[in-house]
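J.: Spelled out from the first residue to the last, the chains are:
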Amino acid sequence: MEIGPYLMLASLEGAVTAAVLALTAVGLSLVFGVMRVVNVAHGEFFMLGAVLAWWITSLIGGHPALGFAVALLVVPVLVGLLAAAADMTVLKRVAYDPERTIVATIGILYILQQVTLMTYGADARPVEPPFNTRLALPWVEFVGGKLQLYWPWGLSTTSYKLAVIGAAAGVLLGVWWGMTRTKVGLLMRATQMDRDMALAFGIPVERVYALVFGLGAGLAAMAAVLIVPIQQAHYLMGGDPLLLSFIVVIIGGLGSLPGTVVAAILIGLSDGIISVFFSPTLAKILATLLVALVLVFRPQGLFGVRRA
Amino acid sequence: MSDRAKTVLLHGGLLALLFALQFMLPAYHHGNLARVMVLASYAIGFNVLFGYTGLLSLGHAMFFAAGMYGMGLAVQVFDAAPALALVAGAGAGLVVSGVVGMLALRTAGVAFMIVTLMFAQAGYLTILYFGSYTRGDEGFVIQQAQRILWGIDLSDPTNRYFAAFALFASCLLITLWLVRAPFGKVLIAIRENEERAMMLGYDVFAHKLAAVIVSGTIAAMAGAVYGLLFGYVGASFASVQYSIFPLLWVLLGGAGTILGPFIGTLFMFYLIDLSSGITTAYMLVAGVALVALTLFAPQGLAGAVRKRIWRGLP
Numbered sequence: 001m002e003i004g005p006y007l008m009l010a011s012l013e014g015a016v017t018a019a020v021l022a023l024t025a026v027g028l029s030l031v032f033g034v035m036r037v038v039n040v041a042h043g044e045f046f047m048l049g050a051v052l053a054w055w056i057t058s059l060i061g062g063h064p065a066l067g068f069a070v071a072l073l074v075v076p077v078l079v080g081l082l083a084a085a086a087d088m089t090v091l092k093r094v095a096y097d098p099e100r101t102i103v104a105t106i107g108i109l110y111i112l113q114q115v116t117l118m119t120y121g122a123d124a125r126p127v128e129p130p131f132n133t134r135l136a137l138p139w140v141e142f143v144g145g146k147l148q149l150y151w152p153w154g155l156s157t158t159s160y161k162l163a164v165i166g167a168a169a170g171v172l173l174g175v176w177w178g179m180t181r182t183k184v185g186l187l188m189r190a191t192q193m194d195r196d197m198a199l200a201f202g203i204p205v206e207r208v209y210a211l212v213f214g215l216g217a218g219l220a221a222m223a224a225v226l227i228v229p230i231q232q233a234h235y236l237m238g239g240d241p242l243l244l245s246f247i248v249v250i251i252g253g254l255g256s257l258p259g260t261v262v263a264a265i266l267i268g269l270s271d272g273i274i275s276v277f278f279s280p281t282l283a284k285i286l287a288t289l290l291v292a293l294v295l296v297f298r299p300q301g302l303f304g305v306r307r308a
Numbered sequence: 001m002s003d004r005a006k007t008v009l010l011h012g013g014l015l016a017l018l019f020a021l022q023f024m025l026p027a028y029h030h031g032n033l034a035r036v037m038v039l040a041s042y043a044i045g046f047n048v049l050f051g052y053t054g055l056l057s058l059g060h061a062m063f064f065a066a067g068m069y070g071m072g073l074a075v076q077v078f079d080a081a082p083a084l085a086l087v088a089g090a091g092a093g094l095v096v097s098g099v100v101g102m103l104a105l106r107t108a109g110v111a112f113m114i115v116t117l118m119f120a121q122a123g124y125l126t127i128l129y130f131g132s133y134t135r136g137d138e139g140f141v142i143q144q145a146q147r148i149l150w151g152i153d154l155s156d157p158t159n160r161y162f163a164a165f166a167l168f169a170s171c172l173l174i175t176l177w178l179v180r181a182p183f184g185k186v187l188i189a190i191r192e193n194e195e196r197a198m199m200l201g202y203d204v205f206a207h208k209l210a211a212v213i214v215s216g217t218i219a220a221m222a223g224a225v226y227g228l229l230f231g232y233v234g235a236s237f238a239s240v241q242y243s244i245f246p247l248l249w250v251l252l253g254g255a256g257t258i259l260g261p262f263i264g265t266l267f268m269f270y271l272i273d274l275s276s277g278i279t280t281a282y283m284l285v286a287g288v289a290l291v292a293l294t295l296f297a298p299q300g301l302a303g304a305v306r307k308r309i310w311r312g313l314p
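Those sequence lines, one after another, are chains U and G.
Taking the working numbering, the leading residue of the first sequence gets 1, the next gets one more, and so forth.
Taking the working numbering, the leading residue of the second sequence gets 1, the next gets one more, and so forth.
Hints are computed from structural coordinates only; laboratory data are not their basis.
Cβ coordinates follow ideal geometry from the N, Cα and C atoms, glycine included.
There could be a bad hint or two in this list.
[Stated by the list, open to error] Pair by pair, the computed Cβ-Cβ distance ranges are:
(1) G:310 <-> U:181: 53 to 63 Å
(2) G:232 <-> U:115: 24 to 34 Å
(3) U:282 <-> G:232: 23 to 33 Å
(4) G:141 <-> U:122: 24 to 34 Å
(5) G:133 <-> U:236: 23 to 33 Å
(6) G:194 <-> U:177: 40 to 50 Å
(7) G:133 <-> U:122: 23 to 33 Å
(8) G:198 <-> U:277: 46 to 56 Å
(9) U:66 <-> G:26: 54 to 64 Å
(10) G:310 <-> U:182: 53 to 63 Å
(11) U:201 <-> G:198: 32 to 42 Å
Construct the entire structure; sequences and hints are all you get.
T.: Below, the structure is given as structure tokens:
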């Protein structure tokens, strides 16, 4: 293949990564923004989403689309409820102290991961996509001074991958609408701006916290359900999404949702394109160093504005 | 009894007990205790920063691994003698902790935790990236012939126990002296109230940097000795898990106490050892312990002793 179609393929793969990453990272960013705590167990909620999706689809059987649709609806709610329960039993009791919360969520990370290992096992298991038509993609070339389309061999995507991008965009729009246009979103933003003042105005801050924590985990679980027909469900799959979400949230500016989405698209796309040309390990080293240095020298994020 | 006499009796008693146990323990526990003492030295290093200075690093595996690989690569690539290799390991820890400290200390609180985590992750990936030297995940073995320090064969269990004991005793005594010296008092002042320490005229940044370097170098020394005594150097020692372990040990034993790291390491080592006999999901124990400790006993075992029995416990 020439370089052009090759780049297009890489950016399509990158767009799928970016879509899933945006969902996961927005979940993490929401929790950080509203609650001012870092949820280290975020990747495990992602993993749980994938594993539960496998469980539900294999339980229901029949046409793959049926099981998948049920999983897409049920799994985020289940994971969200679990996270809300963790919030109320653990995080509430350490009074959302930032450092103790990190230690506690590290504990939750190991509990979720190891319980999955004990019940689900160490195997990676696939989930069948609900639909999966191969779509060949055209590319342009000059023939005799005129532009003309042709179909290079190997340049293709699947209908499912495009659907993932669409679904992620839809959910993100939904989150944006919910945050800016609904009463619940208003309560969340009020809590984010000033916890004590919100409390004084009678906002049930603790319930808002549980909701936000559940919502963040639910978004990660939904991202995992979407990606699991492309990847496979495995009990250690939470590590990479956690690291990438950290990178995205920090580069996008801690707690800023638009910044997070922009950074997710940037990182997702460049991850796809960079790993075509460089070794993925080197790409990860550079990304983690970049994040550390951004935190050291520009704590408001690359796109953020320094607050007074 | 004066505080000083009690301190000498307590810590001297522990060291005497560990020395005597060498002659009594069955082979299996004998080997385990040697391991525990080296890992406890790692925890002691971590405790200088976390327990006494109040800085929680989530990337201490990078210092442990710097020591281990500094030693291991000196032996493997440059064919250095063990004594020189240990110096190389400690030196690697000194340099890495100095550089990381200079950068990471520009941040505070949660950002400090994330920055150290990210640096450690970058370090872990770097070890994997240079797999042709480090042999990546697989690691490499240090041959018995390369483990003879001043004519003492460190692969022999008795010698190994004494080497581990020597490391542990020196780390314990150095930190005991350190936290009772004016330098340690300033670290505790920074932990309790950074603004006030600054207002009293102490150079807070310099003290914190020194704490990171002392902590990182002790961790690196433990890593170097671990590699030399047990003859294996591998990337898993640089992974996140090995950054979480010292936190777990110190929290369990009691942060900001001299004996805490050893108590925590001993308990956790045997807890994980027992549970790994039952299930492969032995890290579940670590997870439950972390959550339970943050919820119910943030001061740990030795911390409880300090609270209830003897307020002067160093």
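J.: Now tell me, hint by hint, if it's right for this structure.
T.: Okay, the hints, checked on the actual structure:
With their beta carbons about 60 Å apart, residue 310 of chain G and residue 181 of chain U fall inside the hinted range of 53 to 63 Å. For residue 232 of chain G and residue 115 of chain U, the hinted distance range of 24 to 34 Å is satisfied, since their beta carbons lie about 30 Å from each other. Separated by about 26 Å at the C-beta atoms, residue 282 of chain U and residue 232 of chain G satisfy the suggested range of 23 to 33 Å. For the hinted restraint 24 to 34 Å between residue 141 of chain G and residue 122 of chain U, the CB-CB distance of approximately 26 Å keeps it satisfied.
About 26 Å separates the C-beta atoms of residue 133 of chain G and residue 236 of chain U, a value consistent with the hinted range of 23 to 33 Å. The given range of 40 to 50 Å is respected by residue 194 of chain G and residue 177 of chain U, whose C-beta atoms sit roughly 43 Å from each other. Evaluation of the 23 to 33 Å hint for residue 133 of chain G and residue 122 of chain U yields a pass: the beta carbon distance comes to about 30 Å. Judged by the Cβ atoms, the range 46 to 56 Å given for residue 198 of chain G and residue 277 of chain U holds: they are separated by roughly 48 Å.
The supplied range of 54 to 64 Å is met by residue 66 of chain U and residue 26 of chain G, whose beta-carbon atoms lie about 60 Å from each other. Between residue 310 of chain G and residue 182 of chain U the C-beta distance comes to about 57 Å, which sits within the given range of 53 to 63 Å. At roughly 37 Å, the beta carbons of residue 201 of chain U and residue 198 of chain G sit within the given window of 32 to 42 Å.
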